[in-house]
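Listed below are the residues making up each chain.
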Amino acid sequence: MRKFLLLSGLLLGVTISHVMAQERTVTGVITSSEDGTALPGVNVVLKGSTTGTVTDTEGKYRLTVPATGGILVFSFIGLVTQEADIGERSVVDIQMKPDVTQLGEVIVTAAGIERESKALGYAVGNVSGDKVAQKSEPDVLRSLQGKIPGVNILSSSGAPGSATRITIRGNKSLFGNNQPLFVVDGIPFDNSYSTSSNELTDGAAYSSRIADIDPNNIESMSILPGGAAAALYGVRASNGVVVITTKSGSSRASRKGLEISFNSGFAIEQIANLPDYQNKYGTGSRGNYAEANGSWGPAFDRPDPGVNYVGGVAVPNGSEVDSIPYWGAYANAFPDGPTMVPYRAYPNNAKDFFQDGKVWDNSITISGGNEKSVMTLVASNMNQEGYIPYSEFRKTNISLGGTTQLQNGFHVGGNLSYINTEQKGPLAGYGQAGQVSASVLSRILFPGRNWDIQGQPYETEDHANVFFLGAAADNPYYSSKYNGLRSQVNRIAASINIGYDVTDWLSFNYKVGVNTYNDRRKEVTRRGSVGAAGIGQLVTDEIYYQEIESNLLVTFNKDLAQDLSLKVIGGYNINQRTGENQQVRGVNSIAFDIDDLDNFNSVTPFGGTYYRRRLMGLFGDVSLGYKDYLFLNLTGRNDWSSTLPASKRSFFYPSVSSSFIFTDALGIESNILTSGKIRAAWSRVGNDAPVYSLYPTYSLNLGNSSGVVGAVPGNDLPFLGQPGATQGTTVYDPNLTPEFTTTVEVGAELAFFNNRASLKATYYDIRTTDQIAPIALPDESGFNQFITNFGEVSNKGIEIGADVTPVRMENGFTWNIYGTFTRNRNMVESLTTGIDEIVLRALYGGQVTPVLAVGQPYGTLKGTTNTRDDEGNLLIDPATGLMIQSNDLTYIGNPNPKYLASLGTSLSFKGITLSCLWNYRHGGSLWSATNQFYLGRGVTRDTENREGTFIVPGVWGDANTFQPILDDGKKIPNTTQVILNDVYFQTAGGSFAINSADENSVYDATVIRLSEVGVSYDFPKTLLSKTPFGVLSLSFTGRNLFYNAPNFPKHSNYDPETSSFGAQNYTGIEYNAAPSVKRYGVNLRVTF
Amino acid sequence: MKLNKRIGILSLAATLAVASGCDSYFDINVDPNNPSEVTLGQLLTQSEVTLVNSLGIGNNGMSTPTSILVHQTVQRGSVDQYVVSGDDFQITTSWQNLYSGSLEDLKTIIDQGTEEGSPQYVGVAQILTAYTYSMIVDMWGDVPFSAALNPQEALYPEYDDDAMIYPALLQLLDNGIANLAQASEDSPATDDVIYGGNLVSWRRLAKSLKLKLYNQTRLVADVSAQVNALIAEGDLLRSGADFELEYGTSVAPDNRNPAFVYEYTLGNKVSYISPYFYEIMTNQSELNDVLTGISDPRVPYYWFKQLTDPADAQNPTEYTDDNGFLSIHFASTGVNQGWQQDRSQTVLGLYAIGGRYDDGKGGEVNTSGAITGPGTVAQRLYTHFASLYTQAELVLTEPGVTGDHRKLFEDAIRASFAKVNAIAADAGAPLITAGAINTYVAAVLAKYDAANATGKLELILTEKWIASFGFSIDAYTDYRRTGFPVMYDPNTDDLPYTGTSRQYPVSMAYNSQSLTLNQNAPTQKNVTTDRIFWDAE
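Chains D and X supply the protein sequences, listed in that same order.
Residues in the first sequence are numbered consecutively from 1, following this note's numbering.
Residues in the second sequence are numbered consecutively from 1, following this note's numbering.
Since the hints were derived computationally from the structure, they do not count as laboratory data.
Since this is a predicted model, take the numbers as computed values, not measurements.
Don't take every hint at face value.
Estimated spans, in silico, between C-beta atoms of each pair [stated by the list, open to error]: (1) 528(X) / 855(D): 30 to 36 Å; (2) 422(X) / 690(D): 50 to 56 Å; (3) 646(D) / 528(X): 53 to 59 Å; (4) 601(D) / 364(X): 20 to 26 Å.
Derived list of chain D stretches under chain X, where covered just means 3 residues or more per stretch with a C-beta under 8 Å from a C-beta of chain X [as the list claims (entries may be wrong)]: (5) 531-540; (6) 604-612; (7) 643-652; (8) 706-714; (9) 720-734.
Beta carbons: idealized from backbone N, C-alpha and C, even for Gly.
Construct the complete structure from the given sequences, taking the supplied hints into account.
Right, dumping it as C-alpha cells:
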C-alpha cells in the first residue's frame, strides 16, 4: 500500500539556491492520476542541482530555474517518479501515478522507520486501514483473519468484547506470552488479558485490551513476524510485532487543506450456530419421564411404549405421557400455578432466547494543515448489543494528533488519545462437577425439549431465580439480566516527538509516550441466583496499567559512493511497565439491585498484585544499498533488564538480513516476470524474565476463594481472627539468564505480467531456547514449580501470499483474486533432563489437559481414552455393554491447525465493488464440552433415532485388567445390547459423551468459512462535484454468513473457531463458550 | 555554533538517559506486595486449617472418597464403582495441599522455630508432621518422605518404603514431645486453632498417635511392650480435648465447616447417606446383622431428612423409607439413580458436618438458609473415643497387652455418645437421654459378651465405624487391617441394578500428575492389589 510521507529530511534538504543572473520561474500543479486531487508534499527538484521545492497543500509549486533547458524530477514515496523537460514552458503540470510495483511499497518497520519494501530482507505483512474499518466487525484483530499470511487468529466466543487470540508464526514461549507486541504510534499498546474468576466455572468472556483500538482510527497496520524486523523493539518482539499507525498519530498531510470524513455503520448480529434440535422426546432417562437435564424421556404423542433398561436387560416401558406435573421448582415458587402441564416439545426454546444484536458505529475524522503543520482529530463511538440479552460493548474514542515544522528547524508532533470501553458481558462457563452454575450458557444450548422456557417466568416476585432444574442452574433469562461482568476501561495514550535535522544526512528524533489504563470491573451474581450460594456476590477488580516508553533515534543517511548508499540508525529505548490490581469481594447483599460494595454485609479483600519492571536498550541499525538492487541490513541491540539477576542483566542480540532484486541486477526485462526479489534473514531476539522471579515470598491470608494454588482448601483466612501465611509455591533460580529466539527466514517476492500477479513466499525456522519458564514440580517437593532456563520450542513454517488481477479493462472493470496460505509446524524439541512433559494448565481433576511434551506440538491435549485390544478393537465391559475407560492419560489431540488458507476476490466496476473472503482452517483438535452435552443430553437430531437397542462394536474386556476376555484363547465379540441413552450418557462411565473418556469429545476442527461478503458503491466524482462531498460511498457487509465444520456431529452445526480461554496460551478446549456470530451491516462513508 | 549547541543538548539528554541506566535504576525487582518473612504463628494457623480440610469430609478432603468406600455415604461418580484413579479431584488436591501446603509450611516452622529458639512451635509442627505423614502412608503406602520437601536437594523426591516411614514418625513424635517441654522464645497460643496453645493436649495427642500407629502395625510387629508402656503412663487423649478443628460462623472470610458449606449453602448437594449405613443404624439391615435388634439414638444427629413422606420427592426415587429418608445405592445403574433430588434427598446432619438436627419435621435445605445448621461443628481427626476404641482393640487382640477390653469398649461407646451430646448442646438441639444411652450400651454389650473374640473385634470396629461418621480415613484403614465392619457388597445384595466389576481398592491411587512430574516416582499402582505394609490381608 502506498504511504504518503512528508519526510522532513526532504523538506529540510531543500536549500535556497543561488540566484543566477539568467533565471525564470516555473510553476505547476501536481495531481493524482487516480482521482485528480492535488498532491501536497511532492518533491520537485531540478535535475543535477540542489535546486528544489515541495508542493503546497494545493499541489502547487514554484521554482526558479535557469533560463534555458533543465529537467524537473518529481518524486514522492509511493508514486512513480517522473521527469519532465521544462523546455520553454513556464507551467509544468504533472499527473503522478501510484507505484504499483510491489517492491515500491513503503513499509513502516521497527521504531517507526519507514523503508522501501525492496530493501527489506524479511517478510512484512501490511493491511491498510480501509481493510479493517467498515467491515461490521468491532474487533480489529478478527477483521484481519485471512488477510495476512503467518497470522493465526482465534476468537474466543461470540459475546461482545470477548477476547481474540492472535499468534504470529506459532507459539514460541513455553509459558510466557505468545501474543505479538502491539505498537501504536510508536508506543507499545498493552494487550493483556486478565481474568477475574475462573473462566471455566464462573468467569466471563473477558476482553483482551487490544479491543480498545478503534478500527476507524487505523491508518495502516504492519505485521512484522520475524525477529529481524523486530530486533529493534527489544525483548517483547520475539512473538512478532503489530505496528499500528493511527490517523491521528500519523503525520500524513491532508490532500486538501481541510478534510472531514464521516463514517457511519449499522449491523445486525445473530447467533451463528445452534444445533438442529430433536423434538420427539422430552426430559427423563431411558424412556421414563423425570425433571432431568437430559432429553432421554418418553416420546411426545406416542402410542407405542419405548424401551426401558433394567439390570442389563431391555424391557418394554409402559409409560405413556401426555401431561406432566408442573415442574417442581415452579410449583415451589408459584403454589397457585397449574398442577399439570402438557408434555410437548418447545422446538424453539433455545433459539428464541437469543435476540438480534446490533452494532452502531459512527466516527468523524477531521484533518487539516499546510505544508508545515498537520493536525488530525478523530472521534468515534461504537455501540454493540450482543445476541445474548443485556450483553453490550461500547467504545468511545477521541484522538487528536499533529505535527509541525518550527522555524528553527525542529519538527515536533504530539498525539493524545482517550478511549473509553464499556463491556457488559454474561457469565460464561459451565460450573464444576457437582457445583451449580450461574452462567447464561450453562443449559440454554441444550435445554430439555419440553421446557417451556419462554412461557414460564424466570424469577419470583422476590427476584429468586426459577428454572426447570431447580438449584442446578440459573434460568438463562435471569442470568443474562442480573448476573455478569461489567467492565469499564479508561485508557489514555499520549506521546510527543521532537526531531531535528542537523544536515540533510543527519537527524535526531526523540519520542516519549505513555499508555495507561484502568479497568474497573464488577462481577455480579445477584441474590437469588443459584450461584454464589444464593446470597448475592460482587467481586470488584481494579486493574491499573501504565507503560512509559522513550526512544531516541539518530539517523545518518548518505550515499558513500555513486552506487553505495548507507543509512545508520542508532538510539536508545527506555521502557517502564507498572501493573497493579486489587480484587475485593462482597457477599450477602442487602438490596437486590445495588451492585456496590456498600450493599454487602461482608466485604473482604480478594487478592491483588503489583509489579514494575524496567528495560533499557541501546541499538544500532546499519543499512547498505548497492545500486538499488542489493541491500544488507545489520542490527544489534543490548538490553538491560530489571527482572534478571544483576550479573545477567545485560545481554546483546544481533540480526542480519539481505535482499536482492535479481531482475534489476541481471537486467531482466520480461513481460512475464516484472520484478523479482529474493531475501534472507537471520536474527536473534533476547527476552528477559517475569518480574519477581528470583527469590521466594510468602502469601498472606491466601484462602480458598482466591482459587490460587497453595491456598487453604475449604476456608478463607483470617480463620477465627487468625491470619495465615504460607510459603509460596515456586522455587526460584537466582542465576536466570535471558532466553533467546533465533529465526532464519528466506523468501521471494515476485511480480508478473506487469504487476498483474504477484507472489510472496517465506520459509522460516524459529527456535526459542533457554526459555525462562517454570518446570512443574511434584507436590512432594513442597513446591509446584521451579522457574529456570530450559527447553527449546521450534516453529517452522511457510507463508504464501498471492494476488492476481486476471481482468483489468480500460473501462475500469477489474477482477482481483488474492489468497494466503499459512502453515506452521510447532514442536516442543526438548525440555530438561529427565522431563519429557509439563502440564500447561491443570483444569479440572480428570479432565482433558493441555501439555507441553517433547516431540509433541505446543499445547497437545492429554486425556483419558477407551481401552482397546492389540488390534484396536474397543474393549467392552460385558456387564454394561459399554467401553472400559483407561486409567492412563495419553495424547488425544493437537489443537494447532495443520494449515490456514484464505481466498478473497473482488470485482469492481464504475465504483461498484463486490468482494468476498473465504477462510479455511485445516485440522487442529478441539475438545468440545458443548458437543459432549449435545449428544449426552440427547437434544439434537444426532440422537433422535433411538428406538431399539444397540451393540457397541468391540470385544469383551476385563475392567480390572484391561485385557480382552478370552474364550478358548479367542476374543469374544461384544453382544451386550444397550439403549442409545446409555451410549451417550452413562452414570457409571464408559459412554461416548457424558461420563466418557476424554478422547470421545475431541473433534477435528477443520472449518471452511465465508468470512466476509461485501458490496460497495462509490458515488462518481462527477455526481458529487455539485455537492459538498468529496467522497460518498455506501457498502453492505456480511460477516460469517456460512461455515461448515464437517467433522463435528452433523446436526450440531458447530463452529469450532472458539476457545474458552480467551487470549491465553491454551487452545483447543471449549467449555460452553458463547457461539459465534454472523452480521449483516451497512456502512456509509462521506468526506467533505 | 547554534547548531552545535543543539546537538550538545540532545547528546546531553541522551547521555543522561543512558547514565541513569545504572544499577539502582534496575534494582526494583523486589515484590512489594508479598513478604519474604512471616511469623511462626501465621504459618501454624494456615498449615493447621489446610491439613484438617485436606483430610476432612469437605469437597477437598480425603474423607469424602473414603466415606464412600466404607459405605457411610454415596456419591455419584467414579468412586461409586470402586474406580479410584489418580485424577480424582480429592486425590489430586489433597496430595497437593498436604505436601506443598501444610507439610512444607510445617517444615518451615521447624526450621525457622529452631533458628529463632522457639522449640514449642517446633514440637507442635513435628507432631502435626508425624500425624500427616501417617495419614498419607495409611492411604497411599510407599510415599516420598526422607527426600521430600527439600527442593534444593531433590526436585524429584524418591518414594520411601512405607514400613520404613512409620518408625521415623514414631521418632518424630518423641522429638515433638521433647520439644514441647523446652523453654521457648515464642509459644503457640490463639494462632494454634486446634488446641489454642495447650501444650498438654499436644503431648497427649502425640502419645495417643503413637498408640494408634502401634495398633495399626500390630499384625506385622510385636507392639505389646510399647503399648503397655503408653497405656500405663495414662497420658492419652482426654474427654473434651479431641484433636479436631472447630469452625466459625463467618461467611466472608468463610470460616464455616467446608462440608456444611458444600452441602447446605450452594444449592446442589453431593452426598447421600449410604442405605447400608442407614439400615444398620435403624435396625433394618438384612445384609449385616451385627447390630440387629438395636436402634441407634444418634440417628437424628447423623442426617437430616428433607422430606417427611417419600411420595413428595421431586423425581422418581431409588431408595426411600416411609419416614422420608431418601438416598441412592452404591454402584447402582438403576433407572432412578441419576435424578436430581436436591430438594428431597437426606443430607448429612449436625454431627457429621454441622448441619441440621433432624426433628422429623422435614424442610427444604436451599440457599435461602431457612433450614440450616450451625456450620461450626468441628472436623474431627482423632478423638478421645477413637483412642478408647483403639485401646479396646489392642487389649482384646494383643496377647501381651494388659487391660479390660470390655470396659474400654463401653467407655468408648459412652465417649462416642458424649461427643454427640456435646455437639447437640452447642447447637441447642435436644440431648440423647442417659436412659437411651444406657439402653443402647447395654444392648451392644450383651452382644459383646455373647460373641467370640472375632465377634468382639467386629463389634468394636463396627461401633468405631459408626462413631467415626464425618471422618472416614481411619475407618477405611481399620477395615483394610481387620476386615471389619463387614462392608456392603453391591454384587451380592440381591438388587439387579447394583454391581461392579471392580474389586475393593486397598489403597489410593497416586496423584497421576505427580507420577508424570516426578522422574523418581514409581509407576501407578494397582489399587486392588497394592496393600499398605500393615495390611496383612
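Which earlier hints turn out false for this structure, listed by number in ascending order? none
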